[in-house]
Amino acid sequence: MAEVLVYVDHVDGAVRKPTLELLTLARRIGEPVAVALGNGAADTVAALAEHGAVKVLTDDASEYADYLVVPKVDALQAAVEAVSPAAVLVPSSAEGKEIAARLALRTGSGLITDAVDLEAGAEGPVATQSVFAASYTTKSQVTKGTPVITVKPNSAAVEAAPAAGAAEALSVTFSDKATGTKVTGRTPRESTGRPELTEAAIVVSGGRGVNGAENFALIEALADSLGAAVGASRAAVDAGWYPHTNQVGQTGKSVSPQLYIANGISGAIQHRAGMQTSKTIVAVNKDPEAPIFDLVDYGVVGDLFEVVPQLTEEVKNRKG
Amino acid sequence: MSLRIVVTVKYVPDATGDRHFADDLTVDRDDVDGLLSELDEYAVEQALQIAEDADDAEVTVLTVGPEDAKDALRKALSMGADKAIHVEDDDLHGTDVMGTSLVLAKAIEKAGYDLVISGMASTDGTMGVVPALVAERLGVPQVTLLSEVSVEDGTVKGRRDGDAASEQLEASLPAVVSVTDQSGEARYPSFKGIMAAKKKPVESWDLSDLGIEAEEVGLEGAWTKVEAATERPARTAGTIVKDEGEGGKQLAEYLAGQKFI
Ligand SMILES: Cc1cc2nc3c(=O)[nH]c(=O)nc-3n(C[C@H](O)[C@H](O)[C@H](O)COP(=O)(O)OP(=O)(O)OC[C@H]3O[C@@H](n4cnc5c(N)ncnc54)[C@H](O)[C@@H]3O)c2cc1C
Ligand SMILES: Nc1ncnc2c1ncn2[C@@H]1O[C@H](COP(=O)(O)O)[C@@H](O)[C@H]1O
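Protein chains in written order, with our numbering: chain A, 1 to 320; chain B, 1 to 261.
Keep in mind that the hints are not guaranteed to be accurate.
With a cut-off of at most 20 angstroms between alpha-carbon atoms, the simulated SDA-like pairs for lysine to any residue come out as follows [stated by the list, open to error]:
id : chain 1 : residue 1 : chain 2 : residue 2
1  : A       : 139       : B       : 28
2  : B       : 198       : B       : 187
3  : B       : 242       : A       : 139
4  : B       : 106       : A       : 108
5  : B       : 157       : B       : 4
6  : B       : 242       : A       : 201
7  : A       : 279       : A       : 201
8  : B       : 157       : B       : 3
9  : B       : 242       : A       : 301
10 : B       : 110       : B       : 242
These stretches of chain A come out as covered by chain B in the derived footprint (C-beta under 8 angstroms, 3 or more residues) [stated by the list, open to error]:
id : stretch
11 : 92 to 99
12 : 178 to 192
13 : 285 to 294
By construction, these hints were calculated from the structure, which means they are not laboratory data.
Since we're looking at a predicted model, the values are computed, not measured.
Beta carbons: idealized from backbone N, C-alpha and C, even for Gly.
Starting from the given sequences, assemble the full structure and let the hints guide the process.
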């Protein structure tokens, strides 16, 4: 059976959820072989084996942390040469897309980014994408080389599928371009204790209607009652009310949760681009004409300062 | 020594317009109004600021696109760029990212450069990979997705706010940079700028000027193929209630019915 390379996104050995989703998709096309790089690479093996990796190629050279992107491209290229896979799957983070693109170019292969689904086809994998702010769905295929495909979070379910997960050292010779861009400092993001925005099953967002940084406490309280992540519109971020890392939309994160609750957000096309594929959409807005209401499964026309606290209270009561 | 900055800008269909696909499954660029991608305005802005801080610098804006793409160049020139290059060729229709990055890299080499500045992503394709591909092709460092950038003594420095961490980056010139919409508001063209832009030089190059064969680009040269494009069905109309004092409770009831609580 053909092998499929899966690039592992992990933080010091803790595998992030989108990688486990990629293993589910990879198993539809062939046998997953994972590639884990950097500090803690060896610690990823157990989780990857649990979810279907027949083999895990690891390398923990310090170059991966000290220089931007290129060392990882060198490693993935070495893995492609060693395995001759049927496809390479990479999580669709900003960095993941850059790594995938350079790998594709080097190996003379076509690139598909931001797939939301993947199936085996007669002539290789068929990727589903959602384009023009999710107003169109396309199906695409790579026609040259080894398909390199990046996949968005929440595109497949995580499935337990115990496999051998044989760990093997990947031998990488870095190119002379590998050390071109130095990482001279790194400030890890502080954890809020809430789920990751892109991975969360429920996202509660606030926009300009929240009207002040201090009022975001209302949004956070609702999020916490539901075990949700907190999002924000660009208007709220630009006003300095909430961090840019929480921005949902074209120039922020793209989310696709089971439930998205938009509070005081009008629903501009650039915001929709980042949330339109959510399964269930709910909005609270005092303007009945707000475009967000065109998208909702359930909408409340009202003042969020009345509706949101009442909702939070009711959720807490029901959860008891 | 002068600092040669090339800014890559894309002419895109207006996102607030009705964007769709043409019969050959390429982006329809005829029926929708186009404009300079808003995200590339940030690249032009940073280029102008870097040029203002340098002793002697020249900012060239470069686009690959159809005839109308000249509008994007004019806008960038009216913001303050010095000159423009338009790569246009009928054989470019349907070119994918691999082809686009090839054309951009060849044009950048022909123009001569110390620093390339791009936007974080185009607002139509939104792949966000062209800068990395151009860096790979040119064989120079990529310093991408910066929310802060500066150039001093032949070194470019910047801050990249990633998912897990915020990173400080550094590379020697020549290099390829891309900037995000967090890098600072782009200036509006002044009346004087708009008038001056009319006299600034716009060069036109085609594929033969760049030594690129027609087969390397266009739909035929693409390494991927769109098999089908379907308009997403409009979401079925949802339930909308007006808050009469019980809106929060009604919403909770709905969420409970959907098993979210
Ligand atoms: C290139 C580009 C990229 C962009 N990227 C993004 C992006 O990634 N993400 C993003 O979100 N935007 C993005 N935008 C901006 C986008 O166009 C909108 O400006 C933005 O989404 C508006 O945010 P908003 O809905 O919070 O604010 P507004 O549009 O001002 O809407 C506020 C809403 O709150 C309602 N409201 C006010 N008070 C209350 C109250 N007390 N109770 C209930 N409702 C209330 C109002 O009725 C209104 O509908 C981008 C724009 C461009 C040009
Ligand atoms: N046809 C083009 N002409 C000029 N620049 C482009 C073109 N396509 C992409 N770019 C540049 O590459 C960046 C990222 O584009 P993309 O990878 O398509 O999202 C854009 O912000 C532009 O700076």
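Run through the hints listed earlier and report the numbers of any the structure violates, in increasing order.
Failing hints, ascending: 3, 6, 10.
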